[in-house]
Amino acid sequence: GAVVSQHPSRVICKSGTSVKIECRSLDFQATTMFWYRQFPKQSLMLMATSNEGSKATYEQGVEKDKFLINHASLTLSTLTVTSAHPEDSSFYICSARGKASGGSTDTQYFGPGTRLTVL
Amino acid sequence: GQSLEQPSEVTAVEGAIVQINCTYQTSGFYGLSWYQQHDGGAPTFLSYNALDGLEETGRFSSFLSRSDSYGYLLLQELQMKDSASYFCAQWNTGFQKLVFGTGTRLLVSP
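Just so you know, the sequences run in chain order F and Y. Quick note: to get the numbering used here, add 2 to the position in the first sequence (first position is 1). Quick note: to get the numbering used here, add 535 to the position in the second sequence (first position is 1).
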């Protein structure tokens with residue numbers, strides 16, 4: 003089946019620093035990639051949607067200058083949390099949509115998530 | 536906009552049957568999906584209902600009633616490993632994004 007990877011799986015940083023999270027689709031080309039944020043015991047909240055080569059579409063209330071998304075290729079998207087603060091501590095999950103090898107329809111696949119802790 | 540409401544928590548014992556409900560409000564409808572998420576893990580796809588009725592996949596079944604804007608996930612022969620959070624989810628108009636429900640935490644006890 004299709005696999006989506008994220009790196010790093012866990013990161014701890016100091017307040018004010020920036021953190022980059024990578025999301026890769028390993029065996030298929032992702033037409034669209036999505037970034038979600040999940041606080042403890044809460045649901046997944048969509049932050050932004052990105053298509054390769056174009057600017058990301060951010061959900062209402064998500065600061066585009068703070069959460070920079072780059073979707074440089076059909077297999078890689080990055081989320082950079084700039085000037086991170088403790089309230090940005092969360093579980094960040096990427097998702098990629100595309101046709102896996104042998105598949106006939108677009109399906110959404112989720113990455114394993116990145117746990118960000120800002121001290 | 537879209538909103539999908541679920542009970543926050545459900546408890547059951549091993550071997551039992553449990554139903555997790557999902558009621559939704561949406562301007563367009565493109566099917567209802569169900570995901571399982573263990574603590575610290577990624578959501579994993581369980582089932583999808585595009586039309587009314589029951590879809591069965593092993594111990595898990597999912598039901599949809601579009602006229603009632605309602606669906607549920609039925610888990611049978613519960614096992615301890617089924618303790619997890621369960622989310623209903625729905626695509627928005629044009630399949631541009633997948634919106635998740637509020638989530639239900641299932642606790643299975645011996």
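Careful, some of the hints might be misleading.
Covered by chain F, according to a simulated footprint, are these stretches of chain Y (three or more residues, beta-carbon under 8 angstroms) [as the list claims (entries may be wrong)]: (1) 547–560; (2) 598–606; (3) 637–645.
Just the calculated beta-carbon pair ranges, DEER-fashion [what the hints assert, rightly or not]: (4) F:47 x Y:630: 16 to 26 angstroms; (5) Y:546 x F:74: 42 to 52 angstroms; (6) F:89 x Y:611: 20 to 30 angstroms.
Some chain F residues close to chain Y (C-beta under 10 angstroms, calculated; not the full set) [stated by the list, open to error]: (7) 47; (8) 48; (9) 72; (10) 115; (11) 119.
Honestly, the hints are just simulated from the structure, not real lab data. All C-beta atoms, glycine included, are put in the ideal place defined by N, C-alpha and C.
Status of the hints after comparison with the structure:
{"no.": "1", "hint": "547–560", "verdict": "violated (count 0)"}
{"no.": "2", "hint": "598–606", "verdict": "violated (count 0)"}
{"no.": "3", "hint": "637–645", "verdict": "holds (count 3)"}
{"no.": "4", "hint": "F:47 x Y:630: 16 to 26 angstroms", "verdict": "holds (19 angstroms)"}
{"no.": "5", "hint": "Y:546 x F:74: 42 to 52 angstroms", "verdict": "holds (46 angstroms)"}
{"no.": "6", "hint": "F:89 x Y:611: 20 to 30 angstroms", "verdict": "violated (41 angstroms)"}
{"no.": "7", "hint": "47", "verdict": "holds (8 angstroms)"}
{"no.": "8", "hint": "48", "verdict": "holds (6 angstroms)"}
{"no.": "9", "hint": "72", "verdict": "violated (19 angstroms)"}
{"no.": "10", "hint": "115", "verdict": "holds (5 angstroms)"}
{"no.": "11", "hint": "119", "verdict": "violated (13 angstroms)"}
Hint compliance for this structure: hints 1, 2, 6, 9, 11 are broken, all remaining hints hold.
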